[in-house]
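*Asks:* Start from the sequences and build out the full structure, keeping to the hints where you can.
2 protein chains.
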Amino acid sequence: MSNNEIPYKIYLEESEMPKAWYNVRADMKNKPAPLLNPGTLQPMTVEELSVVFCEELAKQELDNDTAFIDIPDEIKGFYKMYRPSPLVRAYCLEEKLGTPAHIYYKFEGNNTSGSHKLNSAIAQAYYAKKQGLKGVTTETGAGQWGTALSMACSYLGLDCKVFMVKCSYEQKPFRREVMRTYGASVTPSPSETTNVGRKLLAEHPGTTGSLGCAISEAVEVAVGTEGYRYVLGSVLNQVLLHQSVIGLETKAALDKYGVKADIIIGCAGGGSNLGGLIAPFMGEKLRGEADYRIIAVEPKSCPSFTRGTYAYDFCDTGMVCPLAKMYTLGSDFIPAPNHAGGLRYHGMSSTLSQLYADGYMEATSVEQTEVFKAAEYFARVEGILPAPESSHAIKVAIDEALKCKETGEAKNIVFGLTGTGYFDMYAYEAFNDGKMSDYIPTDEEIAKSLEKLPKV
Amino acid sequence: MSNNEIPYKIYLEESEMPKAWYNVRADMKNKPAPLLNPGTLQPMTVEELSVVFCEELAKQELDNDTAFIDIPDEIKGFYKMYRPSPLVRAYCLEEKLGTPAHIYYKFEGNNTSGSHKLNSAIAQAYYAKKQGLKGVTTETGAGQWGTALSMACSYLGLDCKVFMVKCSYEQKPFRREVMRTYGASVTPSPSETTNVGRKLLAEHPGTTGSLGCAISEAVEVAVGTEGYRYVLGSVLNQVLLHQSVIGLETKAALDKYGVKADIIIGCAGGGSNLGGLIAPFMGEKLRGEADYRIIAVEPKSCPSFTRGTYAYDFCDTGMVCPLAKMYTLGSDFIPAPNHAGGLRYHGMSSTLSQLYADGYMEATSVEQTEVFKAAEYFARVEGILPAPESSHAIKVAIDEALKCKETGEAKNIVFGLTGTGYFDMYAYEAFNDGKMSDYIPTDEEIAKSLEKLPKV
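Chains as they are written, first to last, in my numbering: chain A, -18 to 437; chain B, -18 to 437.
Note that these hints are calculated values from the structure, not bench results.
Check each hint, because a few of them may be wrong.
Same chains, same names: a pair is fine if it fits in one copy or spans any two.
Straight line, CA to CA, 30 Å or less: simulated BS3-like cross-link-like pairs of lysine-lysine [claimed, not checked]: (1) 0 / -10; (2) 61 / 386; (3) 354 / 110; (4) 384 / 306; (5) 111 / 77; (6) -10 / 111; (7) 354 / 153; (8) 115 / 40.
*Replies:* Set out below in structure tokens:
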């Protein structure tokens, strides 16, 4: 099909939407390293995981063999409310750049959570409901994941308790109010409602909280409350599984128009978006059916792939969760305060870590001000104000398109536009005012943080 | 086609998108009353209007005869970036309400401006560019229109000067920063940059501004600066013309599935969304080809249709604009401070006013807390957090669907979901905290405000 026949936005028909998630682990020769029990250092069993997570999700977490897992009808119904998401042909961006490259982006921001997080939130809430639970607990930083989860729980009539890092709770009230509108209870963390919160408040009065503490509070409440489990929005295998819907739709849309991707680019924090976007493409690559350049983009201020170590580490600062083998900067690592976007997790999905270690994908890191320049450029040309996270991928996609301009190659570049920046306007304000700065951790800082790696 | 075959979201193909705007005035037997020169009280000519507005837009403003006006290719290209917008079948809402009614909503919020305003912003910016102008000026309250205009100007490389009511500029910095990201200059109004601003600041030091003053400043700068014109986001005939793209897409989507609307519901402030949504349906009604119940919904705190007078009035508080015949509460009327949404204009589109006076449509008004209850209900069921403005239509759509539940009628209810509430979270916070209240102006208040009607 000729180029001109590709519309600005490719929407699949409902009948073309994925009916099963794709589990890339099934096609991996080297499986991701298992989660370890932090006490025994033995691989976690479904039974052990089921204390914290819903049983079905614990099974999905450990299932390295089943390639396709049917999406339950209820979830498919929910997906139809905001999916399929468009695969956009960036005609305007191509023209502005003057590149022969063809640029496509999968836009996951057209829902009230503003990102792809909803894809896994509804799945996790569904399995909790199916297990007969009353509710779920989670933590959230700026609130993207918490918002998605509150929407999913509201839809299913499930209680949702969110621990929100206190500084965000106070300084970024908008997502907090979205969550409350969806009926979630939102507690600033650290709080007086948990042992870990009370302990921290006693030791550090006036602390504004951290993601690590919020995780610990959410896990404590989940484990200690009848009928509750804990859910997490990234990093885990189960999350990548659910997010494969992004890549499956992307591939179906490209296939529909006979387009073969050359380069696939995604931002990487914990890996949920990237893992989902690349899943079916990586599957072909693993099976030797096709080749793709796959690029993970991370911030220079939190460079787990590009400067971290591949080792077992704690998943949370509170060290209550299982150990995971991953590219990590150390569980104490916290990005500099001037770091605006998400992508602030110290580690990386075990699955993606193994794929990266095995050479199936590349990784690169970009500076914050460059990311916001790309974001502004993109917004003005393509009309969507992107999330800072997504803008990491935009920056590298533009760079690749400009390389094509030099070489004259008409490559097909696909990137993930994970969400919108509507709740990130303080960061944009800093950029607009010329007050945004970059921070790159020193080798010493990273080495110091890595000293606390568990001895496995 | 059977009901079950209608997808959750109907997206037209690009080839099915409207190629011309529809001018409902062409089918009106009683044309809307002409704009009058406030000095001479004679109908404004194109030449007179062209001092303030772009020439092509001045012509569109006065054209009561041409039924279809071709959409220029450049605008069609821009529309393809964010249109067609989906016509959503509200299956989840229907099920939750237990109604036999079929509910559809045209969702205009899936773009960074967050509303339908972009449809006219790009048209007005385009004609300004075509006329060789350097830029445009406008005013904005909370920033919806200013955001849309800044996006359109950025796309076309046109300068954009926005006067933003000072209290919004300071208290609602998010949309301000979106506008700045799109390269607009945003000035808090009143400002020291205009005569009218300086005068007001001298008389009322510390004033936080008003929409009326911001209009006056924007007009002063447009008229006094070489290569600039003033643009407006609602009320005007030209705006309703551009917004007809909403209704044309809606009708095409319904026709595609053989659905005949019974009731069409839209919120009404200045009338831009409502006028656009109903345009082709009203055309059929005017030509006697079909009948529809058409309902305008306004806030009880600013009830121009339901409690105003049909008379010539000033369009702005500063009395610098032409006089328009419309349903009005008087140009001094300002909704109570607790009024959260937009829809705060004292008057109503001349075109819609004439249609209402001639009995072609109904109007109703709803209380603020009821509107937010409907908004919350809708958000939880349909997954979209709606703008307060749009939620007026939601409230009445739900009421009509519940009437169908009583009578057992499977009516087709169509309403306009004009935008998202992501930048309205302070209002949602007040609602979530139980601090939202209603205000209904007394007859005396309205009568007092109407005392200043011009003698025409």
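*Asks:* Hints first: check each against the structure and report whether it holds.
*Replies:* Going through the hints against the structure:
For the homomeric pair residue 0 and residue -10, the shortest alpha-carbon distances inside one copy (22 Å) and between copies (18 Å) are both at most 30 Å. Taking the closest pair of Cα atoms, residue 61 and residue 386 come within 30 Å of each other only across two copies (25 Å); inside a single copy the shortest separation is 38 Å, beyond that limit. Taking identical chains as interchangeable, the C-alpha atoms of residue 354 and residue 110 lie at most 30 Å apart only when they sit on different chains, with a minimum of 26 Å there against 43 Å within one chain. Taking the shortest alpha-carbon separations for residue 384 and residue 306, neither the intra-copy value of 35 Å nor the inter-copy value of 59 Å comes in at or below 30 Å.
Taking the shortest Cα distances, residue 111 and residue 77 sit within 30 Å of each other only across copies (20 Å), while inside one copy they are farther apart (49 Å). In this assembly of identical chains, the alpha carbons of residue -10 and residue 111 lie at most 30 Å apart only when taken from different copies (27 Å versus 35 Å within one copy). In this assembly of identical chains, residue 354 and residue 153 lie within 30 Å of each other by CA distance both inside one copy and across copies; the values are 23 Å within and 24 Å between. Proximity of residue 115 to residue 40 under the C-alpha cut-off of 30 Å is restricted to the intra-copy arrangement: shortest distance 20 Å within a copy versus 62 Å between copies.
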